[in-house]
Amino acid sequence: MSGAPADTRGQIDKAAMSDADLAAHLAKVAGRILIEVRSSGLFSAKALGKAGDQTANQFLVHALREVRPEDGLLSEEEKDNPARLAKSRVWIVDPVDGTREYGEERSDWAVHVGLAIDGQPSVGAVALPGLDGGVVLRSDQPSPLPATPEKLRMVVSRTRPAKEAVAVAEKLGAELVPMGSAGAKAMAVILGQADIYLHSGGQYEWDSMAPAAVARAHGLHCSRIDGSPLVYNQSNVYLPDLLICRKEHAGQVLKLIAELSEAG
Numbered sequence: 002m003s004g005a006p007a008d009t010r011g012q013i014d015k016a017a018m019s020d021a022d023l024a025a026h027l028a029k030v031a032g033r034i035l036i037e038v039r040s041s042g043l044f045s046a047k048a049l050g051k052a053g054d055q056t057a058n059q060f061l062v063h064a065l066r067e068v069r070p071e072d073g074l075l076s077e078e079e080k081d082n083p084a085r086l087a088k089s090r091v092w093i094v095d096p097v098d099g100t101r102e103y104g105e106e107r108s109d110w111a112v113h114v115g116l117a118i119d120g121q122p123s124v125g126a127v128a129l130p131g132l133d134g135g136v137v138l139r140s141d142q143p144s145p146l147p148a149t150p151e152k153l154r155m156v157v158s159r160t161r162p163a164k165e166a167v168a169v170a171e172k173l174g175a176e177l178v179p180m181g182s183a184g185a186k187a188m189a190v191i192l193g194q195a196d197i198y199l200h201s202g203g204q205y206e207w208d209s210m211a212p213a214a215v216a217r218a219h220g221l222h223c224s225r226i227d228g229s230p231l232v233y234n235q236s237n238v239y240l241p242d243l244l245i246c247r248k249e250h251a252g253q254v255l256k257l258i259a260e261l262s263e264a265g
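Going by our numbering, the final residue of the sequence shown carries number 265, and the count climbs one at a time with no gaps.
Hints should not be assumed to be uniformly reliable.
Straight line, CA to CA, 30 Å or less: simulated DSS-like cross-link-like pairs of lysine-lysine [as the list claims (entries may be wrong)]:
no., residue 1, residue 2
1, Lys248, Lys172
2, Lys47, Lys80
3, Lys164, Lys152
4, Lys152, Lys172
5, Lys172, Lys80
6, Lys164, Lys256
Now the in silico label distances, taken between C-beta atoms and shown as ranges [stated by the list, open to error]:
no., residue 1, residue 2, range
7, Leu86, Gly203, 30 to 38 Å
8, Glu105, Gly135, 16 to 24 Å
9, Thr149, Lys15, 38 to 46 Å
10, Ala17, Thr149, 20 to 28 Å
11, Lys172, Ser19, 18 to 26 Å
12, Asp227, Ala48, 15 to 23 Å
Since the hints were derived computationally from the structure, they do not count as laboratory data. Glycine included, each C-beta is placed from N, C-alpha and C at the ideal position.
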């Protein structure tokens with residue numbers, strides 16, 4: 002998983018650990034913690050989501066403050082510290098992306114650990130612990146994208162599909178693929194389970210930062226739905242829309258979104 006050396010006690014050499022190794026290691030360990038919490042059998046679905054969020058968050062926050070004390074930090078489950086705005090390097094984490102899916106013991110949830118440098122999604126790891134054996138996709142280890150199928154597939158929220166996504170999918174003749182968390186949906190494009198992820202229903206920086214870093218590294222198009230860049234470590238962390246897709250589809254999708262917007 003990580004290329005960082007360990008001493009005889011099994012402790013990792015923190016000074017030798019790259020940002021990418023750190024992101025992947027933290028995402029993987031947080032995923033294991035979440036599986037253990039879920040396997041305890043002590044919580045109802047609703048309580049499980051809260052317990053998992055808080056437990057994974059404590060691990061991630063304490064680990065990042067220990068290993069990268071000079072960097073900024075933004076977590077969905079942590080009170081925001083405005084001091085991050087003055088930092089060039091800011092870690093942005095979502096301990097459980099897809100809390101509902103995690104609580105329902107589904108597989109389509111994720112752990113996001115990303116590093117924004119000067120507002121750009123520069124380093125990221127997305128763990129999918131619910132998949133067999135657990136999977137971690139990393140920005141520093143891109144793999145070739147699977148072949149494009151004849152019929153396009155657009156991954157959408159399984160509970161609240163965005164109306165823009167449904168309308169664009171209809172115009173493209175694309176099949177809708179319902180799925181849970183934002184991270185799971187973004188990684189589905191990399192894994193060849195979908196070709197387009199279009200979201201316009203409201204998100205925050207932690208929902209898309211690590212997935213965008215991983216997707217960009219895999220050669221995918223990543224932007225807002227008006228084509229403008231995704232910018233992170235802002236004072237207002239609301240980042241409501243997102244397009245991740247194969248580059249060959251980006252122009253057509255953005256054109257259709259603009260036409261729908263003009264039509265009202």
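Given the hinted pair Lys164 and Lys256, is their Cα-Cα distance within 30 Å? 16 Å, holds
Agreement of Lys172 and Lys80 with the hint, judged by alpha carbon distance not exceeding 30 Å: 42 Å, violated
If you check the beta carbons of Thr149 and Lys15, does the distance land in 38 to 46 Å? At roughly 41 Å between Cβ atoms, Lys15 and Thr149 fall inside 38 to 46 Å, so the hint holds.
Do the Cβ positions of Glu105 and Gly135 conform to the proposed distance bound of 16 to 24 Å? 18 Å, holds
Confirm or reject the claim that Lys172 and Ser19 have a C-beta distance inside 18 to 26 Å. At roughly 43 Å between Cβ atoms, Ser19 and Lys172 fall outside 18 to 26 Å, so the hint is violated.
Hinted pair Lys248 and Lys172, Cα distance within 30 Å: 18 Å, holds
Measuring from beta carbon to beta carbon, are Leu86 and Gly203 in 30 to 38 Å? 22 Å, violated
Is the hinted pair Lys47 and Lys80 satisfied, with a Cα-Cα distance of at most 30 Å? Holds, at roughly 22 Å.
C-beta pair Asp227, Ala48: status relative to the range 15 to 23 Å that was hinted: 40 Å, violated
With the threshold set at 30 Å, check whether the alpha-carbon distance from Lys152 to Lys172 stays at or below it. Holds. Lys152 to Lys172 sits at ~13 Å (cutoff 30 Å).
Range hint compliance [Cβ, Ala17 to Thr149, 20 to 28 Å]: This hint is violated: roughly 40 Å between Cβ atoms.
Is the hinted pair Lys164 and Lys152 satisfied, with a Cα-Cα distance of at most 30 Å? Holds: Lys164 and Lys152 sit about 20 Å apart, inside 30 Å.
In this structure, the earlier hints numbered 5, 7, 10, 11 and 12 are contradicted, and the remaining ones agree with it.
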